[in-house]
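Undergrad: My request is simple: use the sequences and hints to build the entire structure.
2 protein chains.
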Amino acid sequence: MPQPRKRATIREVAKATGLSPAAVSYALRGMQVSEETIERVRQAAAELGYEADPIARALASGRTGMIGLLCGSLEDLWQQALAVGIGRALKDNDRYALILDAAGDPAREHTLARQLRDQRVDALIVQPVDPAAPLWAELCEGLPVVSIGDALAGARAAGEVVFDNRAGVTLALEHLRERGHRRLAVLTSTRASTPDRPADVHVMAEAGRLDLDIELVTAPQSPASATRVAGEMLDAGHRAFFCFADSIAYGVYAASAERGLVIPSEVSVMGYDDHPMSGLLTPGLTTVDWDIDGIVRAAVRMVVAAADGNPRRRRIVQAPQLHERGSVG
Amino acid sequence: MPQPRKRATIREVAKATGLSPAAVSYALRGMQVSEETIERVRQAAAELGYEADPIARALASGRTGMIGLLCGSLEDLWQQALAVGIGRALKDNDRYALILDAAGDPAREHTLARQLRDQRVDALIVQPVDPAAPLWAELCEGLPVVSIGDALAGARAAGEVVFDNRAGVTLALEHLRERGHRRLAVLTSTRASTPDRPADVHVMAEAGRLDLDIELVTAPQSPASATRVAGEMLDAGHRAFFCFADSIAYGVYAASAERGLVIPSEVSVMGYDDHPMSGLLTPGLTTVDWDIDGIVRAAVRMVVAAADGNPRRRRIVQAPQLHERGSVG
DNA sequence: ACAATATAGGTAACCGCTCTCACCATGGTA
DNA sequence: TACCATGGTGAGAGCGGTTACCTATATTGT
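Chain order of the listed sequences is A and B. One gets this note's numbering by counting positions in the first sequence from 1 and adding 1163 to each. One gets this note's numbering by counting positions in the second sequence from 1 and adding 1163 to each.
The set of hints was computed from the structure by calculation and includes no laboratory data. Hints are not guaranteed to be accurate.
Unchecked claim - Residues from chain A shown here face chain B by an in silico Cβ test under 10 Å; the list is partial: (1) R1170; (2) A1171; (3) M1194; (4) L1237; (5) I1262; (6) G1414; (7) A1417; (8) L1444; (9) G1447.
Cβ atoms here follow ideal geometry from the backbone N, Cα and C, with glycine treated the same way.
TA: This is the structure:
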């Protein structure tokens, strides 16, 4: 049984002002009515404590004013930072975000994405776990989608901020090579879990080019669980790491400390993504930096434009930058 | 203009099965209809690709199945961890969370809380910025609210997981005192920003009891900005810190490193909240631990029960624990 | 065999708002 | 004087479900 809603409805406001509900609706949104009527309605609404019901509004108009944000995996600190940044930026645009977490699971991503569409979000920002899913093509029909990270395969996205991961990988591997590391442990995250894992493929290709001896392992993104994997690699004799997320690199720090190994003299660590924390560690984590503020701004600008009905349909390719801080010896 | 929704409606399913819309509605929710009919409806729904529209459902029933999560300030890493944990735990309960961020602003908290209510969330978890706001009393009428952190003043909450901050403060200050620190810089967070800041008051009281010389400063919760404040205190000669959030403590680490000061031999740092990262630093951050998993479990259990209509109305007082890791010399 | 009770499903009134469309004053134009 | 834009306004039909209430039919008790 619906709980007793004591709130005023638009009909009561109509009655109070002697207007029709329709007129009130228009007045409150400042359309098609005279200034005088608007003022009268405002007054009455304030007195009755009337506020339009967003659910009813959504049902009738098909719009909500909300923007969906579907994160790939909030376990990753960088993605957390991204989500928080986007939330704040949207707030500055008088929009508000509905944040959901796919938890790295393509099936869940599928479910939640449709759920957001059904919630009538005006637009969607997504950091796809599986950018190749047919889902996206379906979703992009009738809902502006802005993707961050990878481009959506075969879908007409309303905007894309893609990371040039090939360049990022090259940057990282070349840096490690220059510093004299030939044998590397590469800890990839579950985030790059597209079917064929293009980033991993590129890692292998670059390894060939640079004459590197690589062991590739999948690690969970949470620092705590990454510590275990990192420990195993250290015990196996690895001393140089390329981690596909800064939060994984934190695990290498912890595992090294546990074993009394010093970074960077004994162990070298390279991160990826540049989380705000990375500069605070000792030594600072050398990492590949994606300009998180720029990404946030670009994505938000695109999504707001799209939600307002004028999509830019632009693709911005984000170039990586090597941020050297001293964790590679 | 509402975009063309090509989706099947309940009426189409009714037509296809030769039943009334009502019967279909019941069947899909497994009430009042025969097994056979249910199966028939399922079949037809699957064929038509029918899925109930959550908005329409919410409008008619006043329920959504969603649980609102209103965070005090997602800038704080600990609160991020809490939010992620709650999100996952709710997922395990087949519930899904709508996450919003008050950004430490009471006014925003006010707006968003009402917005969540208007969104018809079945229940609300809140980490109040201002637990004394009259808002809560209003909200608790007709919506189960579970609060984490502080108790809601004058409101009938559906559950409370309160932190015994007095005990936590005492624990921290006594530890620092035992280790021989008499002059302390206390960096409080904006999180405890209730009008009278009870935690701060207690700090001063305990300082008196323990004969401590305290300087109390407000610091932003983001590590990067906390670094600046910490630096100023270091430059002013402070060498012992009590930080009211681990993320602030990270700032002390960074500021110390910048100045070539070594923790714990030259600088002592005490945190508060035990973020997952804190164990990964070198040295590990000594902090006051709140058993985040326990909090998540308790809050989620309460909120799910309340959303299902059987509120427990319990108050759990969370006891702090000193987690010594070596950052206090 | 007949009243009493379940049980399945139909009817129709909502939920609170938006939006199309028809209507009605105006005042300017032919 | 008749005619047409013009722009404010009201009526009413949805939006896509849910639910209280009611009617048949099947089941049960005596």
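Undergrad: Does each hint hold? Answer for all of them.
TA: So, going through the hints one by one against the coordinates:
Contact between A/R1170 and chain B, as hinted, is supported at the beta carbon level, the nearest pair being about 9 Å apart and thus within 10 Å. At its closest, the beta carbon of A/A1171 sits 13 Å from a beta carbon of chain B; the interface hint therefore is violated under the 10 Å criterion. For A/M1194, the interface hint is violated, the least distance from its beta-carbon to any beta-carbon of chain B being 14 Å, above 10 Å. Hint status for A/L1237: holds, given a least beta-carbon distance of 5 Å to chain B, under 10 Å.
Taking 10 Å as the C-beta cut-off, the interface hint given for A/I1262 holds, the closest approach to chain B being about 4 Å. This hint holds: A/G1414 has a C-beta 7 Å from the nearest C-beta of chain B, less than the 10 Å allowed. About 4 Å separates the beta-carbon of A/A1417 from the nearest beta-carbon of chain B, less than 10 Å, and the hint is met. Below 10 Å, beta-carbon pairs count as interface contacts, and A/L1444 has one with chain B at about 7 Å; its hint therefore holds.
The beta carbon of A/G1447 is positioned within 10 Å of a beta carbon in chain B (closest approach about 8 Å), and the interface hint is therefore held.
Checked against the numbered hints given earlier, this structure breaks hints 2 and 3; the rest are met.
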